[in-house]
Amino acid sequence: MTVVSLASALTRDELEARLYEAEETLRAIREGEIDAVVIKGGATEQVFTLEGDGHSYRTFMEAMDIGAAAFDAEGQLLYANQALCTLLDRPAGMLSGQALLGMLDAVNQTTFRRLLTQALQERQSAEIHVRVGDNESSFLLTGAPIDFGVVSGVAVTFTDISEREQIAAAKESERLARSVLASANEAVIVCDRAGRVTHINAAAERICAEAPIGKRFEEAIELTFADASELMSGGDIVAMAAGGTPVQGLEAAVKTSAVDVTDVMLSAAPLVVSGERTQGCVVTLINLSQRKAAERRQALLMGELDHRVKNTLAMVLAISARTASHERTIEDFQKSFSGRIQALAATHTLLSNASWENLEIKDVLSVELAPYATLSSGRITLEGLDISVDSKTAVSLGLVFHELTTNAVKYGALSTRAGKLSVRRIGLLDDGALQIEWEERDGPLVTPPTVSGFGQTLISRSLGSGPNGGTKLEYRPTGVVCQILIPKYGHFHS
Amino acid sequence: MAASSNEPVKLVLYVAGETPKSLAAIRNLEKICSEHLAGKYRVEVIDLKKQPQLAREHGIVAIPTLVKELPVPIRKIIGDLSDTQKVLVHLSVEE
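Here the protein sequences come in this chain order: A and B.
Start counting the first sequence at 1; every next residue gets the next number (the numbering used here).
Start counting the second sequence at 1001; every next residue gets the next number (the numbering used here).
Worth flagging that the hints you see were computed from the coordinates, not collected in a lab.
Glycine residues also receive a C-beta, built at the ideal position from the N, C-alpha and C atoms.
Treat the hints with care, as some may be off.
[Claimed, not checked] With a straight-line cut-off of 25 Å between C-alpha atoms, the simulated SDA-like cross-links for lysine to any residue are:
1. A:Lys171 <-> A:Gln82
2. B:Lys1050 <-> A:Tyr57
3. A:Lys292 <-> A:Gln248
4. B:Lys1086 <-> A:Lys215
5. A:Lys362 <-> A:Ser422
6. B:Lys1031 <-> A:Arg123
7. B:Lys1031 <-> A:Asp105
8. A:Lys215 <-> A:Ser152
9. B:Lys1031 <-> A:Ala99
10. B:Lys1086 <-> A:Ser152
11. A:Lys335 <-> A:Lys292
12. B:Lys1050 <-> A:Gln82
13. A:Lys292 <-> A:Ala370
[Said to hold, decoys possible] Far from chain B, some chain A residues (derived; all Cβ distances over 12 Å):
14. Ala22
15. Gly32
16. Ala36
17. Pro91
18. Ala324
[To be verified] Label-pair restraints from in silico Cβ distances:
19. B:Lys1086 <-> A:Leu10: 21 to 31 Å
20. B:Glu1069 <-> A:Gly42: 21 to 31 Å
21. A:Val272 <-> B:Glu1035: 50 to 60 Å
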């Protein structure tokens, strides 16, 4: 009867509407579109959710230390626990729906969506990177299917692996830095803010004192700076660079007992590892030893050349004046003068070919005798003349040999087919002077000249300027004999 | 019957806290409103978990349920509102 009275109290439209509503409710329940119902218990209503076995998932997730979230089958966020909100630095309200995925870039979003889809079926893991505040964070995500009663979805845990990745990256970076340091050709020394050596490569180890690590820079390598006298030390430069001021291209001499490095070019730059603050400095040392040695050698040669040119010009003037005073005609003068200048030039050529060092007596003599040696094959003997002399002695010997040769060709042993010439080393005297003898034999009968020509003067005077040197010329009837003494400092004979 | 252009649609959505279907219904309703009822609607969301007694006014049994209060007649749409066309038919604003 109740039904009849109720039915009679309602219009047909209202009845139809109620019927439709009842059918819709059943449909919605059947199709899983609702997950809560209202039950009227006496005077009050109560709401029951149909989350089934997953009913307590929120409580469970909230108790977890690691970040956790629940997503429905469409990938919408249903719930994020407090740990995840902390990890992502967002309140739960700002992660709902698609907002969490919105924090990711396109690549990581794709990774995340794939995980959500695949985890509906089975457990899946993936790694994503997300910018949280100023930092790039990395998370290992593990997704697994979860049943929310009438619907299913995915529960995802977020494990922060940023630190692990940072440590791995730091190790890799350290490894890279070490290999860069080790591979550098230049010597590299790294100092901390206190100026103590923390890293050093093999090239630098060769310059530094033993076990430089931990020593102060100026103890590890002792440097002097030519341009700054005693006012500046290696320690000052390191302190300056560690303080943020780079230093570039200073030349310094190395005092540390290094085998082959004497000069370096030093640069020091602040070492900034992260942030603004310098952690120390990086010092690079380029080996300038060879360049410096070359520079010194060049300077020496320039000085020597200058000296020689002046000496040579003075000598040419003297030869010219003395030759003029002894020769009667212009033709005679020209011949003698040219011969003497050519002798000088020949010795100079020899000297310059030998870089003005260690010319042997044999070489000087051979140049003078060269025009006659082939003609007089077997008539000239040279003995024990493989003796090095200095450049000044070489020039003097060149002139002496020129005069003696000219004389021998004009009047002596080399003027006839039978004449013989022997030049040989006699030996060392007590005072260290080296004695050489020029002896002509089997030539024309010799008579001493009545007038002393310049040639004779030159022979007598050459090598005679220093102590223990000089020449002694004898006009024996059998041939000219000349004793030549080379002072101790002029030869390198042991 | 088409909705009058100057009469706003007044909607009440009943949810039960943050159950998956409640959240889905909110999301779906937001989408439908912004795409089809721009500027012409007023929505009130009632959480029956917090205020279960409010279920009485519209005789709510299943959650989520959307009630169209205005324009009359009152209509109920039960479920998570995932079928957009059906929702539009019931709101009588189908184009």
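Worksheet item: For this structure, which hints from the list above don't hold up?
Response: Violated hints: 1, 4, 6, 8, 11, 13, 14, 15, 16; rest satisfied.
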